[in-house]
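Visitor: Here the protein sequences line up with chains B and Z, keeping their order. In this text, residue positions in the first sequence follow the numbering used here: the first is 1, and each later residue adds one. In this text, residue positions in the second sequence follow the numbering used here: the first is 1001, and each later residue adds one.
For the record, the hints were derived by calculation from the structure and aren't laboratory data. As the structure is a computational prediction, the values presented were derived from the model and not from experiment. All C-beta atoms, glycine included, are put in the ideal place defined by N, C-alpha and C. Among the clues, some could well be false.
[Claimed, not checked] Now the in silico label distances, taken between C-beta atoms and shown as ranges: (1) Gln-1291/Z / Ile-162/B: 50 to 60 Å; (2) Gly-241/B / Asp-1218/Z: 37 to 47 Å; (3) Ala-1336/Z / Ile-162/B: 19 to 29 Å; (4) Arg-1142/Z / Thr-234/B: 32 to 42 Å; (5) Glu-92/B / Asp-1119/Z: 49 to 59 Å; (6) Ala-53/B / Glu-1127/Z: 28 to 38 Å; (7) Gln-1291/Z / Lys-428/B: 49 to 59 Å; (8) Gln-1291/Z / Lys-127/B: 53 to 63 Å; (9) Asp-50/B / Asp-1218/Z: 19 to 29 Å.
One letter stands for each residue in the lines below.
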Amino acid sequence: MFESLSARLGSVFEGLTRRGALKESDVEAALREIRVALLEADVALPVVKDFVAAVKERAIGHEVLKSVTPGQMVVKVVNDHLVETLGAEAVEINLKARPPVPILMVGLQGSGKTTTSAKLGLWLKGKEKKKVLLASLDTRRPAAMEQLAVLGSQAEVASLPIVKGEPPVAIARRAMQMGALEGYDVVILDTAGRLAIDQELMAEVAEVRAAVEPAETLLVADAMTGQDAVTIATEFNEKVGITGIVLTRVDGDARGGAALSMRAVTGCPIKLMGVGEKLDALEAFHPERIAGRILGMGDVVGLVEKAKETIEQEEAEKLARKMAKGVFDLNDMADQLSKLRQMGGLGSLMGMLPGVGKMKKALAGANVDESILIRQEAIISSMTPKERAHPKLIQASRKRRIAAGSGTTVQDVNKLLKQHMEMSKMMKRMTKMGKKGLPMGMPGLPPGGLPPGMMPPGGGLK
Amino acid sequence: MFGKNRSEASESAAEDRKGWFARLKAGLGKSQDKITHGIDEVIEGGAEEAPAEVPAEPAAPEPERKAGLGQRLVRAVTRRRLDDIALEQLEEVLITADLGPATAARLVSNLGRSKFDKDVTSTEVREALAEDVAGLLTPVARPLAIDPAAKPHVVLVVGVNGTGKTTTIGKLGKVFKEEGKSVLLCAGDTFRAAAIDQLKIWGERIGVPVLAREQGSDSAGLAYDALEQARAEGTDVLLIDTAGRLHNRADLMAELEKIIRVLRKLDAAAPQSCLLVLDATTGQNAHAQVQTFQEMTEVTGLVVTKLDGSARGGVLVALADRFGLPVHAVGVGEGADDLRPFDARDFARSLMGLEG
Ligand SMILES: Nc1nc2c(ncn2[C@@H]2O[C@H](COP(=O)(O)OP(=O)(O)OP(=O)(O)O)[C@@H](O)[C@H]2O)c(=O)[nH]1
Ligand SMILES: Nc1nc2c(ncn2[C@@H]2O[C@H](COP(=O)(O)OP(=O)(O)OP(=O)(O)O)[C@@H](O)[C@H]2O)c(=O)[nH]1
Ligand SMILES: [Mg+2]
Ligand SMILES: [Mg+2]
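Take the sequences, apply the hints, and build the full model.
Guide: Now the structure itself:
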């Protein structure tokens, strides 16, 4: 039900390219779409307003006005600003304190604090080689302490022995004591879930914080959170004081606008993301990924991922090496053609890219469809290995044989050979230009992922 | 559910009702303040800036929030012309309650149809919006009806992780028990650490038996056995807990389907109810949750939890409109008694910051 921003902007800018220059009023129209896209992605309204104002400032003026493809440019400006706001640089868990370093986990009920505590324990144990102690200060939820203990043993991370009836601050002190006595590097304190507006419980956790002075107080928040993200983040920051945010359930399909809201109102970095229920499902925060989701451009990310799956890294490297030597034979072309088809053909491939609506139409006009790809593959497969490696060998009689073998005409064979020539020329040029020279500036495609000869105007396909 | 055996204790029922509203209001307090304040700001802020026929400027956020009593009294009767700008601002106020851009736009255009260009007070605007919202919600405010002939009436409880399924089962069990029904709980979440212990504690707390096996055992098999046991014992209600699962995980959703398939081997009508538990803090993703769970498990009704928090659960309005699924109850706290029937008018009015 959500339309991606690229699709929205596509319709805004459709008329524009015909008229040429981009006016302020056009940017305004785009900003309206951006606003709705952000709201649909659960970014909180006050944050949306600030964001849109900032983007407007960046977009109007040279950046967009000078751009050749305004739609793409606006998407890029929005995306860049979003990534920046989310925090372009990863901020690691701060362990710079005298050991045992206390880390306090706070958040609403059910946000994922206990699971994340255990995940973080495993993470610090594995990545930082730290000796970690887990302690549950949750005296309220049924079986909360047992839950952490079970998770701790699954992660092979120690947990504080449970003493029933002890208040949270006392548990925290006992954990720190045990941490100090037994030489732990880090003590992770899991707390009961609490509502941001529950004064009493907020005061309780503030007291814990005052007692142990944690190096990190992490707000654990659900990626599905709606507009309330602002209240939650503000209240926890004001009443308890947080140093970072962990976004959970990023493995879901929520657009994740809460990340932007919480980051914007607290200024605290998002440090980690939970991507599953298993204990190793914790990752460093990837702002690009969340930005792509918020904008509904998971499709762009999806494209990159799909391309990665289809074209194994190794093969791409092999091709790159061959290309570096200026070799691009018909075998390589056949490879490219079949990969294109595996990725769902040109249509679906192009559809995933932002701002190519127009190009897609041009392609459709040029009659590029899968049947052509299939026919071209057939032509190549009717060649001998020697012919494929040395296309210059293919003269008139060979052409007739290949055409007959593939059920095509000599003309088709000629067309394919011509296209191959163009592609290999382009490949050579690109190799000289270096890796940056990907056609159309396509994001994330491995070298040669999309044969440049397939692109208009150089395509020459019938 | 709710109130069958309450007639005898009508006093406490009235108290309860007051309690529910007070609780909801206390919970919605913050949000309500925000919505009320938001609407006040639009109407009264705008009125101050544009008292006459001059096209109104967008109402700047009030610089001074704590207006004096005198000023507030003046404001209570302040009128503002309901123009496009005012409507747009009202739309924004609704969006901040998670109603979503589309539903907010619709409600506001309804308002515009009846009141456009009229001079209105903030209260009038709130009344009108509340009425419209209540209109949307009334058809879905339906209690969970237990079929007395079913024996047991099987209630399968599903939802994404951490929404409050297990807690809601505890609360529901208590309601049914107090209505004089026999209840069995089934600890069908065999996956999450200590989920079984959690439900067992709930069983003890409310004095209801729990069928459980060790962690990692097959939940469909357990559900089957629970149904068999409940049938043998003539139990009225069987509440089956399930592990939280994200709706976009096809493999986990297939597991739920399996539970249902297995239950139907014993009773073709089971589960008589499939409750989807939603967290009021959730934003627009609730749409995807309802849609997928409904497709995969034939959800028969919703329970919305954590309405005692600052989230307003406004997405419910959009959900009611789009899916029309009954909302059986709302969770307003972590205790066994913190479940309330869903009352459309109360919800709508407190959403708009109006007294009951
Ligand atoms: N899919 C998914 N589930 C998660 C993630 N993090 C936590 N969960 C699940 O969310 C549910 C709640 O997690 P808990 O760790 O118990 O949450 P909590 O914040 O400790 O809950 P309270 O202590 O009750 O406030 C469990 O079912 C977890 O398995 C995540 O990143 N992805
Ligand atoms: N404030 C408040 N907290 C609630 C409400 N309902 C549930 N909770 C809390 O939310 C947290 C999660 O509740 P659970 O019942 O464990 O949720 P669940 O859906 O069973 O979680 P999983 O089984 O892990 O998916 C617990 O801390 C509950 O006490 C409610 O209505 N209000
Ligand atoms: Mg917990
Ligand atoms: Mg549960």
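Visitor: Each hint should be assessed against the structure and marked as holding or not.
Guide: Against the structure, the hints come out as follows:
1. Gln-1291/Z / Ile-162/B: 50 to 60 Å: Cβ of Gln-1291/Z to Cβ of Ile-162/B: about 41 Å, so the range 50 to 60 Å is violated.
2. Gly-241/B / Asp-1218/Z: 37 to 47 Å: With Cβ atoms ~45 Å apart, the hint holds.
3. Ala-1336/Z / Ile-162/B: 19 to 29 Å: holds (23 Å)
4. Arg-1142/Z / Thr-234/B: 32 to 42 Å: Holds, at about 36 Å.
5. Glu-92/B / Asp-1119/Z: 49 to 59 Å: holds (58 Å)
6. Ala-53/B / Glu-1127/Z: 28 to 38 Å: 33 Å Cβ-Cβ, so the 28 to 38 Å window holds.
7. Gln-1291/Z / Lys-428/B: 49 to 59 Å: Holds - the Cβ-Cβ distance for Gln-1291/Z and Lys-428/B, about 51 Å, lies within 49 to 59 Å.
8. Gln-1291/Z / Lys-127/B: 53 to 63 Å: About 38 Å separates the Cβ atoms of Gln-1291/Z and Lys-127/B, which means 53 to 63 Å is violated.
9. Asp-50/B / Asp-1218/Z: 19 to 29 Å: Since the Cβ atoms of Asp-50/B and Asp-1218/Z sit about 51 Å apart, the hinted range of 19 to 29 Å is violated.
The structure is inconsistent with the numbered hints 1, 8, 9, although it conforms to all the rest.
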